[in-house]
Amino acid sequence: MNNEVIYSARKIIKEYRSNRVVIPVLKNIDLDIHRGEILSIVGHSGVGKSTLLNLLGLLDVPTSGTLIYHGRDESIEGSDLSQLKNKTKARIRNREFGFVFQFYHLLPDLNLLENVLLPSMIFYRRLAFRDKRSQLEAKAEELLQRVGISQRKDFYPTQLSGGERQRAAIARALMNDPQIVFCDEPTGNLDTVTGAKIHELIIELNKLTSVSFILVTHDEALSNLAHRRLVMRDGVFVE
Amino acid sequence: MKTSPSKSPTNLPYYEFHLSLRYLRSRFSAVAALLSVTFGVAVIIIVLSIMGGYIEALKESIRGQESHIMVMARTAFSVKNIVEVERLIQAVENVEATSPFIETLAMYRSGQFNPCHLRAIHPRQETRVSNVGEYVLRPAELDEILEKLAMDSPDKGYGGALQPSGLPLQPTRLIDEVLHAPEREPLGGQELEHFFDRDFSRELLENKNPSILPALEGTIPPVAIVGIHMLLDRQMFLGQVITIVTIKPESSEPKEERFLVAGAFKTGDYDADSKAIYVHVDTLKNMLELFDPEANSYGYSGIRVKVKDISRLDDTIEEIQTVSFRQRRDLRVLSWENLRGTLLTAVKIEKFVIYFLLVLLMSFTGLMVLLMLLLTVIEKTRDMGVLLSLGATPGGVTRIFLTGGLMTCVAGTVLGLLLGYLFCWNINTIHDWVLALTGRELFAARIYHMDRIPISFQLGDVLLSIAPPVVLGFLASLVPAIWASRRDPIKAIHYE
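Note that the protein sequences, when read in sequence, are chains A and B. If you read the first sequence in our numbering, its first letter stands for residue 1, the second for the next number, and so on. If you read the second sequence in our numbering, its first letter stands for residue 240, the second for the next number, and so on.
No wet-lab data here; the hints were simulated from the structure. Be careful, since some hints might not be right.
[As the list claims (entries may be wrong)] Derived lysine-lysine pairs resembling DSBU-like cross-links, with alpha carbons at most 35 Å apart:
hint : chain 1 : residue 1 : chain 2 : residue 2
1    : B       : Lys730    : A       : Lys153
2    : B       : Lys730    : A       : Lys27
3    : A       : Lys139    : A       : Lys207
4    : A       : Lys153    : A       : Lys207
5    : B       : Lys545    : B       : Lys319
6    : B       : Lys298    : B       : Lys547
7    : B       : Lys730    : A       : Lys11
8    : B       : Lys730    : A       : Lys132
9    : A       : Lys207    : B       : Lys730
10   : B       : Lys487    : B       : Lys524
11   : B       : Lys487    : B       : Lys447
12   : B       : Lys587    : B       : Lys547
13   : B       : Lys730    : A       : Lys139
14   : B       : Lys524    : B       : Lys514
15   : A       : Lys132    : A       : Lys207
16   : B       : Lys547    : B       : Lys524
17   : B       : Lys730    : A       : Lys197
18   : B       : Lys730    : A       : Lys87
19   : A       : Lys132    : A       : Lys85
20   : B       : Lys730    : A       : Lys85
21   : B       : Lys494    : B       : Lys514
[What the hints assert, rightly or not] DEER-style ranges, computed between Cβ atoms:
hint : chain 1 : residue 1 : chain 2 : residue 2 : range
22   : B       : Ala271    : A       : Glu4      : 53 to 59 Å
23   : A       : Gln151    : B       : Ala271    : 33 to 39 Å
24   : B       : Phe595    : A       : Gln83     : 52 to 58 Å
[Stated by the list, open to error] Only some residues are given here: those of chain B computed to face chain A with a beta carbon under 10 Å:
hint : residue
25   : Asn250
26   : Arg621
27   : Leu629
28   : Gly630
29   : Asp727
No experiment lies behind these values; they were computed from the predicted model shown. Just so you know, even glycine gets a beta-carbon here, dropped at the ideal spot from N, CA and C.
Just need the whole structure built from these sequences, with the hints factored in.
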């Protein structure tokens, strides 16, 4: 971990409107993400943790505020990500970001290897994918090995335990060599022992690569293992 | 990592095709949609091929019986000075041959009275203008057929004869095998004339029906060549002497004459094969007393004309009209299509209407594809959210389902065409099978004027069969596909 800022959010406000009533969810959030750090965001349900994660991951747009990203893509350097075209956002999500969800969200019609390959299937066009298939498969297998389930590569998600599925989901998030991986309650659906093993894996992967992990969780054990811990209450950071 | 802006199918992101195939694999709804397209296409191609074949066969049989052009008068039996009129027509450049004819309705008595259609021809000339030589069975051929069918004597009844396979012998197929044998030459004018030879008639009577000879007191009745179904249905037998009654046009009195059943023909047109009787034109003109003392000539029904080049038929009709107009102002010149035009038009309209109805039915197939894809979209909502979060575009998600729908339709269409062709190729075998199993005739000869189910494959029909599933399939895929891409990824992901 170093102090280089790769992603900064400024004055982020998110409001939902229903029947002319404005419900503020995020109230003026400022946040810097450093290269290679593990940042945990904790707080009770409904304080806006997941909303913030969705905004940072470009799955949602803020009501106001800017998102400045310093990644490998020079064409977007210095521009506000929330203002970009959907297509560009999709490209950034595919190349620069990785996602890990509470319910793993592996595609049931694909086996583990294919699930890990999915981000590269989205990135590459048909012909290019075919050309690089063996290379990409080797990479996916290596990732599966790193998360400890390479012997399960031909299995389908329904044949696996929750912990194994989450390991595969983490491998998938790393497939396109992202800069930041967003994890939304990654251990929320796992028992304590399995959850602890996922924690170890995240820390290990973070040490091996320079990928930043943003963890939204209310798992105290997990949040304490992070380099930095932010507590959220009523749409603002309190410590 | 560079992305190309090109949108050719091979250059779309890999996941789209990969996933649309996966989503179809081993899904019952996909199989159901595929089968509904398959059967829809098969039904359209089968129906269009049968209708097309029917139209073709109808045209063929009309053309064969009627010759290219008919020159007729506005009133019956009033084409007089026949030799002169024929000479005028023969002078027209594109005309190959002509033949006079008389046609009238009559009754024949064989046990009871039955209606029939008397066609009086000039045997030598007729073979040059129509296909009569292909239809009339040579005496040896007829004998062989009747023997095979166990009908060679009037005491034996047809019905017992069986094929080696055990199925009842199909008499019409047996006859078709003889008539349509590739090495068979049609009867020439001389051969056809031989039927009307007195020596031939006497010999036939002595062989087939000697018991009648004393009653004839040495006279030999004129010859009639009858439609094959009159023999097969045991209305009459070969060598029988039948009585034909008709009305004399001049006096409106009935006129009766005995004829000898001396031969048989089969045109394939059931109506003709069960009702028409060929006699010699000289016999009928005397029987009907068509001699007009004023004109000092006999009156005929008309003249059949064969042209050399069928593509110039319309011009030739006009020329004949011009030259015959000099002779007689009330002559009409008609093409074979004019004569039976209403029937042909009716069948063509029928084909269109049936096609239209089938396309309406195909919309259910479209609905199947729509439902199949909607089910898949609902089932895969979460997947779509995941794909969008992993960087897939809404366009890509649309294409997953669009490709799936189109692949189902294309695969179904190909299978349907194959199934349709297989069915059409074997349609008569299938028909005989059903007949043997259930005893029910699906394609009744007496209704359709044909004794085999005719089939004709045309490129246009294939295109007409392919168009509805592809268009409907595309439209049916569009709605679910767009719906899938409009789903909110956040909601989709949290949907558990």
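Taking the hints in turn, this is what the structure says about them:
Under the criterion of a C-alpha separation no larger than 35 Å, the hint pairing B:Lys730 with A:Lys153 is consistent with the structure, at around 29 Å. Between B:Lys730 and A:Lys27 the CA atoms are separated by roughly 22 Å; this keeps the pair inside 35 Å, and the hint holds. Restraint check for A:Lys139 and A:Lys207: the C-alpha separation of about 19 Å stays at or below 35 Å, so the hint holds. A threshold of 35 Å between alpha carbons decides the hint, and for A:Lys153 with A:Lys207 the separation of about 24 Å falls inside it, so the pair holds.
A hinted pair counts as satisfied when its Cα atoms are at most 35 Å apart, and B:Lys545 with B:Lys319 qualifies at roughly 20 Å. Proposed proximity of B:Lys298 and B:Lys547 is supported: the alpha carbons are some 18 Å apart, at most 35 Å. Annotation: proposed proximity of B:Lys730 to A:Lys11 holds, straight-line Cα distance about 25 Å (limit 35 Å). Between B:Lys730 and A:Lys132 the CA atoms are separated by roughly 34 Å; this keeps the pair inside 35 Å, and the hint holds.
With a C-alpha separation of about 33 Å, the suggested pair A:Lys207 and B:Lys730 falls inside the 35 Å cut-off, and the hint holds. A distance of roughly 10 Å separates the Cα atoms of B:Lys487 and B:Lys524; the hinted pair therefore holds under the 35 Å criterion. A distance of roughly 32 Å separates the Cα atoms of B:Lys487 and B:Lys447; the hinted pair therefore holds under the 35 Å criterion. With a C-alpha separation of about 28 Å, the suggested pair B:Lys587 and B:Lys547 falls inside the 35 Å cut-off, and the hint holds.
Proposed proximity of B:Lys730 and A:Lys139 is supported: the alpha carbons are some 31 Å apart, at most 35 Å. A distance of roughly 20 Å separates the Cα atoms of B:Lys524 and B:Lys514; the hinted pair therefore holds under the 35 Å criterion. Taking the CA atoms of A:Lys132 and A:Lys207, the gap is near 28 Å; set against the 35 Å cutoff, the hint holds. A threshold of 35 Å between alpha carbons decides the hint, and for B:Lys547 with B:Lys524 the separation of about 29 Å falls inside it, so the pair holds.
Distance restraint check for B:Lys730 and A:Lys197: the Cα-Cα separation of roughly 29 Å lies within the 35 Å cut-off, and the hinted pair is therefore satisfied. For a cut-off of 35 Å, the pair hint linking B:Lys730 to A:Lys87 stands: about 20 Å separates their Cα positions. Restraint check for A:Lys132 and A:Lys85: the C-alpha separation of about 29 Å stays at or below 35 Å, so the hint holds. Proposed proximity of B:Lys730 and A:Lys85 is supported: the alpha carbons are some 21 Å apart, at most 35 Å.
Of the supplied pair hints, the one linking B:Lys494 and B:Lys514 holds, its CA atoms being roughly 19 Å apart against a limit of 35 Å. For the hinted restraint 53 to 59 Å between B:Ala271 and A:Glu4, the CB-CB distance of approximately 57 Å keeps it satisfied. Distance hint check: the CB atoms of A:Gln151 and B:Ala271 are about 38 Å apart, consistent with the given range 33 to 39 Å. In this structure the hint that B:Phe595 and A:Gln83 lie 52 to 58 Å apart at CB holds, the actual value being about 53 Å.
Restraint check, B:Asn250 versus chain A: the minimum CB separation of about 5 Å is within 10 Å; hint holds. A cut of 10 Å between beta carbons decides the hint on B:Arg621: the least distance to chain A is about 6 Å, and the hint holds. Interface restraint check: B:Leu629 against chain A, minimum CB-CB distance 5 Å, threshold 10 Å, status holds. A cut of 10 Å between beta carbons decides the hint on B:Gly630: the least distance to chain A is about 2 Å, and the hint holds.
For B:Asp727, the interface hint holds, since its Cβ comes within 10 Å of a Cβ in chain A; the closest pair sits about 9 Å apart.
In the structure shown, no violation is registered for any of the earlier numbered hints.
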